[in-house]
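Q: Take a look at the letters that make up each chain.
There are 2 protein chains.
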Amino acid sequence: MTGTDKLRGFIQAMTRLAEQSPEEARWLEEGGALLEALVREDDWLPDAMAEPGPGYRQYLLHCDPLERFSVVSFVWGVGARTPVHNHKVWGLVGMLRGEEVSVTMHPTPEGRMRAGQVDRLRPGEVVRVGSGEEDAHWVENALTDRPSISIHVYGGNIGAVERHSFDPETGEKRRFISGYSNEFVPNLWDRSRAA
Amino acid sequence: MTGTDKLRGFIQAMTRLAEQSPEEARWLEEGGALLEALVREDDWLPDAMAEPGPGYRQYLLHCDPLERFSVVSFVWGVGARTPVHNHKVWGLVGMLRGEEVSVTMHPTPEGRMRAGQVDRLRPGEVVRVGSGEEDAHWVENALTDRPSISIHVYGGNIGAVERHSFDPETGEKRRFISGYSNEFVPNLWDRSRAA
Ligand SMILES: [Fe+3]
Ligand SMILES: [Fe+3]
Ligand SMILES: [Mg+2]
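First to last, the protein sequences are chains A and B.
Each residue of the first sequence is one higher than the one before, starting from 0 at the first, in numbering that gives the first Met the number 0.
Each residue of the second sequence is one higher than the one before, starting from 0 at the first, in numbering that gives the first Met the number 0.
Okay, chain A solo, but in the shape it has when bound (with noise of 0.2 Å):
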């Protein structure tokens, strides 16, 4: 099996949950297991999707075309940190290659944001996100080494999405719609080589 054939499988597997208009728990729990056994082993990723910057990429895998959920390669890069934001749509978060730790971040009466829940990410493990939780954090590469990879799903488009980073200081929202890194995206569908 290739590289691609597992990326394929994931996604079709992932479509035809998506057929099914699943309730957000069952996205999180079948969707989640599907992430589980996909970074399981680090040897399917392109390497154009794997591509270190200086802080952060987010390189789309793969959007599904009625955007009910979309497959994202984090890297981050040595230093890299995002700023504190919050996503409104489930997520699942796969770490495959090196270490990323997120904060979770709570407002306060105050204004200035209150740390909470460190959760640090070993290859192979999967985090599980809804969209009803208070969900802003952080996210940084727990590396100080070489770049760190996770795969994220989340349900929706992400890169369409209306969100917000907030100033950990004052806990000002600012909205954001994320985009991403890249302009072209993995072709898994030449099944030439297969015949």
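Watch out, some of these pointers could steer you wrong.
One copy or two, either will do: identical chains are not told apart, so a pair holds if it fits within one copy or between any two.
Here are the computed lysine to any residue pairs in the SDA-like style, where the Cα-Cα straight-line distance is at most 25 Å [unchecked claim]:
no., residue 1, residue 2
1, Lys-5, Phe-175
2, Lys-87, Arg-145
3, Lys-5, Asp-166
4, Lys-87, Ser-191
5, Lys-5, His-105
6, Lys-5, Trp-137
7, Lys-5, Gly-31
8, Lys-5, Asp-46
9, Lys-5, Glu-161
10, Lys-172, Ser-191
11, Lys-87, Asp-118
12, Lys-87, Asp-4
The hints are simulated quantities; they were obtained by calculation from the structure and are not laboratory data.
Assemble the complex: chain A is given as a structure, and chain B with the ligands must be docked to it using the hints.
A: Just chain B with the ligands now, with coordinates in the frame of chain A:
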């Protein structure tokens, strides 16, 4: 509206049609009308998907994840001509730029194939081909001084369909799966610029 928006809109409309599991006649009628609207203006195809080679190139623009249809940019270099081939699935061909000539080829009891209908396609024109038709043909760039480009839609993942090429002298069939010329397809899903 950007080029990306146009192509994304076409793919979403085709996907909504696919969700209704239409009969082939409806695919050809409604899909054909959508393709006519798409090729009416030549202002949306990404340059990388319009790059000519010495022969012809087949750039996948989108494959439905459940492989119900695919959309391909066919770029005909000067002098490019396909072998005689069939398709096995329904097809829509919309001329975007330049002109192409298609020649239908019929089997004969003697082996040697007989040329039938000749179609010359001009920009904005769309041809519909049913899967049940005896559909072997060859196609060439009708222009001798510049590339031509047509947008093809097929009733399956044409890069995976097992079909045939033919020796027109003998009628001898050979199995092939075309694959695609490109390793990466356009990312149509970055909607941060619309913010
Ligand atoms: Fe996040
Ligand atoms: Fe053809
Ligand atoms: Mg190829």
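Q: Would you mind marking each hint as holding or not holding in the structure?
A: Hint check results:
{"no.": "1", "hint": "Lys-5 - Phe-175", "result": "between (32 Å within a copy, 23 Å between copies)"}
{"no.": "2", "hint": "Lys-87 - Arg-145", "result": "neither (30 Å within a copy, 49 Å between copies)"}
{"no.": "3", "hint": "Lys-5 - Asp-166", "result": "neither (39 Å within a copy, 36 Å between copies)"}
{"no.": "4", "hint": "Lys-87 - Ser-191", "result": "between (40 Å within a copy, 16 Å between copies)"}
{"no.": "5", "hint": "Lys-5 - His-105", "result": "neither (37 Å within a copy, 41 Å between copies)"}
{"no.": "6", "hint": "Lys-5 - Trp-137", "result": "neither (30 Å within a copy, 35 Å between copies)"}
{"no.": "7", "hint": "Lys-5 - Gly-31", "result": "within (16 Å within a copy, 33 Å between copies)"}
{"no.": "8", "hint": "Lys-5 - Asp-46", "result": "within (15 Å within a copy, 29 Å between copies)"}
{"no.": "9", "hint": "Lys-5 - Glu-161", "result": "between (31 Å within a copy, 21 Å between copies)"}
{"no.": "10", "hint": "Lys-172 - Ser-191", "result": "between (49 Å within a copy, 18 Å between copies)"}
{"no.": "11", "hint": "Lys-87 - Asp-118", "result": "within (20 Å within a copy, 52 Å between copies)"}
{"no.": "12", "hint": "Lys-87 - Asp-4", "result": "between (31 Å within a copy, 23 Å between copies)"}
When held up to the earlier numbered hints, the structure conflicts with 2, 3, 5, 6 and fits the remainder.
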